[in-house]
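Engineer: What follows is the residue order along each chain.
4 protein chains.
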Amino acid sequence: MLVIMQAHATEEQVGAVCRKIEELGFRAHPMPGPTRTAIGITGNTVPVDPAALEGLAGVAECIAVSKPYKLVARELKEDNTVVDLGDGVRVGGTELAIIAGPCAVESREQAFAIAAKVKAAGATLFRGGAYKPRSSPYSFQGLGEEGLKILAEVRAEFGLKIVTEAVDSESLELVEHYADVIQIGARNMQNFSLLKRAGRAAKPVLLKRGLSATLDEFLMAAEYILAEGNYNVILCERGIRTFADHTRNTLDLSVIPAVKRLSHLPIIVDPSHGTGRREKVIPLSRAAVAVGADGLLVEVHHQPEQALSDGYQSLLPDQFQQLMEEISQIGAVLRRSVARAAGTPQSLRAV
Amino acid sequence: MLVIMQAHATEEQVGAVCRKIEELGFRAHPMPGPTRTAIGITGNTVPVDPAALEGLAGVAECIAVSKPYKLVARELKEDNTVVDLGDGVRVGGTELAIIAGPCAVESREQAFAIAAKVKAAGATLFRGGAYKPRSSPYSFQGLGEEGLKILAEVRAEFGLKIVTEAVDSESLELVEHYADVIQIGARNMQNFSLLKRAGRAAKPVLLKRGLSATLDEFLMAAEYILAEGNYNVILCERGIRTFADHTRNTLDLSVIPAVKRLSHLPIIVDPSHGTGRREKVIPLSRAAVAVGADGLLVEVHHQPEQALSDGYQSLLPDQFQQLMEEISQIGAVLRRSVARAAGTPQSLRAV
Amino acid sequence: MLVIMQAHATEEQVGAVCRKIEELGFRAHPMPGPTRTAIGITGNTVPVDPAALEGLAGVAECIAVSKPYKLVARELKEDNTVVDLGDGVRVGGTELAIIAGPCAVESREQAFAIAAKVKAAGATLFRGGAYKPRSSPYSFQGLGEEGLKILAEVRAEFGLKIVTEAVDSESLELVEHYADVIQIGARNMQNFSLLKRAGRAAKPVLLKRGLSATLDEFLMAAEYILAEGNYNVILCERGIRTFADHTRNTLDLSVIPAVKRLSHLPIIVDPSHGTGRREKVIPLSRAAVAVGADGLLVEVHHQPEQALSDGYQSLLPDQFQQLMEEISQIGAVLRRSVARAAGTPQSLRAV
Amino acid sequence: MLVIMQAHATEEQVGAVCRKIEELGFRAHPMPGPTRTAIGITGNTVPVDPAALEGLAGVAECIAVSKPYKLVARELKEDNTVVDLGDGVRVGGTELAIIAGPCAVESREQAFAIAAKVKAAGATLFRGGAYKPRSSPYSFQGLGEEGLKILAEVRAEFGLKIVTEAVDSESLELVEHYADVIQIGARNMQNFSLLKRAGRAAKPVLLKRGLSATLDEFLMAAEYILAEGNYNVILCERGIRTFADHTRNTLDLSVIPAVKRLSHLPIIVDPSHGTGRREKVIPLSRAAVAVGADGLLVEVHHQPEQALSDGYQSLLPDQFQQLMEEISQIGAVLRRSVARAAGTPQSLRAV
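Top to bottom, those sequences are chains A, B, C and D.
With the first letter of the first sequence counted as 1, position 105 gets the number 105 in our numbering; the numbers rise by one all the way through.
With the first letter of the second sequence counted as 1, position 45 gets the number 45 in our numbering; the numbers rise by one all the way through.
With the first letter of the third sequence counted as 1, position 74 gets the number 74 in our numbering; the numbers rise by one all the way through.
With the first letter of the fourth sequence counted as 1, position 311 gets the number 311 in our numbering; the numbers rise by one all the way through.
Everything labelled a hint here was simulated from the structure, so no lab data went into it.
It cannot be assumed that every hint is accurate.
Identical copies go unnamed one by one, so any copy, or any two together, can satisfy a pair.
[Unchecked claim] No farther apart than 35 Å at their CA atoms in a straight line, the calculated lysine-lysine pairs in the DSBU-like style are these:
1) 149 / 77
2) 260 / 203
3) 20 / 203
4) 20 / 149
5) 260 / 20
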């Protein structure tokens, strides 16, 4: 923390700020300048709350100089975290983790048809919402536990790991039971009760960046989960809200190297929500792999025009196959392979 | 819904889109133009999901032309909703509703000291967080139920109506029991589980706009509450996230006349979170009243430098007194009075 | 400037940064902390360019702690600047300066018809574009010098001071000749050649905030004009670009108290471009006056449906009359009167 | 254009709007719906100005359904525009165009030292500012014509094509004389006088996207240049302004496929300004090539810690060499080669 005094602050005011800092148990370092004095603070183990100082007479502003997160920081843990889901499926290692599937689970038939396609194309994780946070109460809200059961059947049949969203503590308990990875959606990134509950879950958590979350807020949301004891967190960039109107959101790919520098956690990219338009999913997927993401979360639907949600941003199975081929080549340049699960399930032999 | 065809779309493609629209049970109105054809859709009672059409060959884009909300719409209910909290305290009527108090309840002494001051200055509602959503898991998270009990004592002693935040279904149940108005915070504006639970509560709900919520999303979040049967919703503008860095958030006062035009719900303004800086609270409070807001939600603390959160945006009691005087005069221009509760409590006689 | 070292920076690296700072002619103040060292810099009279230090080994980041502007700063000049346009018309004094007129000058008849109306309602300055920066090359671009001549006739006939936009050095020379105040538009706020030319002009400058300008950038743009010797600058908030789509721009009224705190320059508000919608102009005008603005820049048109640009955000004369009455009352609360020019011109006697 | 009537609009109001549309010379297509009527407009060759209709009684809003640009549109010209600079250097073809060099030309020695390095690494175009738009009037503003002469010497010595910025009509005339490509900076993207002048220039124009420009505004700015007769325009994405604070700007890579879909013009990416941080330039360069950009504009400096501007975002020559190797491999996946100029200049033989 650095306290900047006003240009006309008196020596008494500077002294009072220094005394307050010492009272708080820290050390004050006044640095007189030509127009104003700045006071450095050291000796704090947690970030200093500016509220204690900004109200004092003569103080112009307080500037934070250390970051508020600890457990997620690369300074604490130099090696990359690799989330191991078993059966050779890992997120954050040298393989790219490809999570594909429909926006929402609509029926057993739909889920199986899509799972067969994405499995054949090389995905090792399957996505599909059973609980859908929709901006309208009149839109399809998901199949609930029935959807989770279908997802568990998909895993049994295809050997795909299951990623699905929890929206409150009740659904989180069920998702924890049925799925392999618990997704926390962008709109819940600062639902701190849900984050704490996820921090006590026995399964890894996929945490999506909020639409208006700064990098610090994103990492602090992950910190909530780690602080409760769950160290298996996968971050996911899915686009931020800006003035730009040619895509649904603005995919912020620069956050990938920024996260890699500050944190040891893996980070993947969702180009489907990140762009909101089918024709941009493949180019942005290539870019995500090229920038250094650890994987992708992609919406695929075999009949997007009949999808109950987000059909216009879902790839067709053939397009997903093309995506896999293109990112395999891009990945190779960065020495990242496309992950393949051990073994090929019965039902795929004939595909 | 209006479907815009690509410039080179064929007649067959236009025909296929029209057939699809008819299949969905609606009526298609093709309008050929010099460079492209547009197809209007009528006959729908709910908004048409663009997903069903955007994937068809030859379609350039789908444009929504009707709004997705119903119950919150002024078209449905022309008269302003007035939320009546009893004892003459109303939100949305001719009186301005002034909600004041500390960011967080810290102790009985703190709450009573501040309550005496804001009551004396003319506030009729008291705010104070018992459950605090904080971006860091290491920050003070609120006193929980103990804080709610203190708030109930404040009501008994000062006759102030209590507004406090719920962050999940457990806390909502307790807030519903102890408080007069259930606050849903900005970070939970699209926590749809919480909105549904609030929609089944017996108390009015104060819904804050999310940091990156469009007006449509804000009204749809309120729609979730009304759709469950709770029609007593108070909206609250508290600043949006933009690039501007001279305030913590950018207070969007233009949303007040926009809400008044589209909806019958009352809307108040939080100039404390909206600016994040004490010295801007009074000018922006004047502006909020001048633009037509139905009230204010203001942070006041008697010892802001010792506050456990947000001290630097809290007004001192004297400043709040000044604010009340200034907005009384501004309100008079718009024929809005500052609400005063019936009776003056014992403890205020000597103030 | 404060240099933050990386957590694992060596003593040698800290030493090298300190030596570099001394080489640049400044003084280095290293402050070791529990996890990292920060180095304060003093002795600089101009802001230190971070480029000289951010590239050194072990440096995590450089944080600017002093502001880059000088001539516009209130620290330099405590008293408010009042721009005196003669005949009792001042901007920045106790009177509110009301600038009203059409978006574009379209004809002598149109300009005179509107001027008569706004004069009668109490405006003392007349606006109207002769050079129109339009996003499309195919839109009406203004009448050019012919428009300026009409504006000069308006001044002669109605005694209104003329404010009109210059878009390049050629038009600036003409505007300087014909008008009383040279307007620099939002899109040209960082057209530094134009700012320098305006800084050498003999007339006051009205500088509009750019759509994505931070407060620092806005003040630095004004600094360009003052640095060339023209101290008569009037700032104008006209809305910033955000994700919010219910208005054309988001009017940032919090910038008014922020400017008042940091600078001695007057600042007015343009609620017409700030909202882009006629029905929001009056409420936001009230708010602008209530927040402490020194005046308004309002579009008025007697036949907005026939206006060649921006008709839908122009007030009708009757609405402008209502606006003047409402802001007179709001202004009175802040002890600001609505300015009235000395004398009433011939043509108004019969209105 | 589609006119949406209010829910309670009368038949008379609908009729009046239709008559107005016909008066304007267009055709009106009223479409009654269950709650409101929409009116389609056809027969217009240029976009309809909503101002003419939004003011009419009963009109809720006007929605534009056709795009305002013509000459830049792919609908007009299906084939990609390839800007041919001679000597085998092309922008928009199968080769990636790599433009590298310092932010500002500082001296002959500096320019030659960097030119030798970037030439050796494979760049075919050299960048370097002689006129620098700086946010502070007290920052280094460039060497002016002296800088242009140095750039011309660089071309003579190294065979590199020269790209440099013009900031007003005077500098544009000189840039047109000395350079191969005239750059229009982001802050001048809507400096329409400058765009028109560039449209009359004999050299190709590199147009950078403004910090808050929508895609439509970006393309319309290019339309200004084409409308004056200069069809050789290269677009450049360089980051937009958002709330995200981990990079200087937010690089919007999704605009690349969006431009490719709507326009025939080539588009390159500036990862240096787009991120503002050296360590993010290489990953984002890879991503830019992977998403389909036609080239890169990269800042390179051999002594960034002594650079007069933007040193902290400039790559070192070794890093640029690494960038070229990585993008060559990524480019190969998309069948894009890295352009190499014919011949190798004298001075490089010994490098």
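Engineer: Does each hint fit the structure? Answer for all of them.
Structural biologist: How the hints compare with the structure:
1. 149 / 77: For residue 149 and residue 77, neither the intra-copy (37 Å) nor the inter-copy (43 Å) Cα distance is at most 35 Å.
2. 260 / 203: Within one copy only: 23 Å inside a chain, 42 Å across chains, cut-off 35 Å.
3. 20 / 203: neither (45 Å within a copy, 43 Å between copies)
4. 20 / 149: between (59 Å within a copy, 33 Å between copies)
5. 260 / 20: between (37 Å within a copy, 29 Å between copies)
Hint compliance for this structure: hints 1, 3 are not met, and every other hint is.
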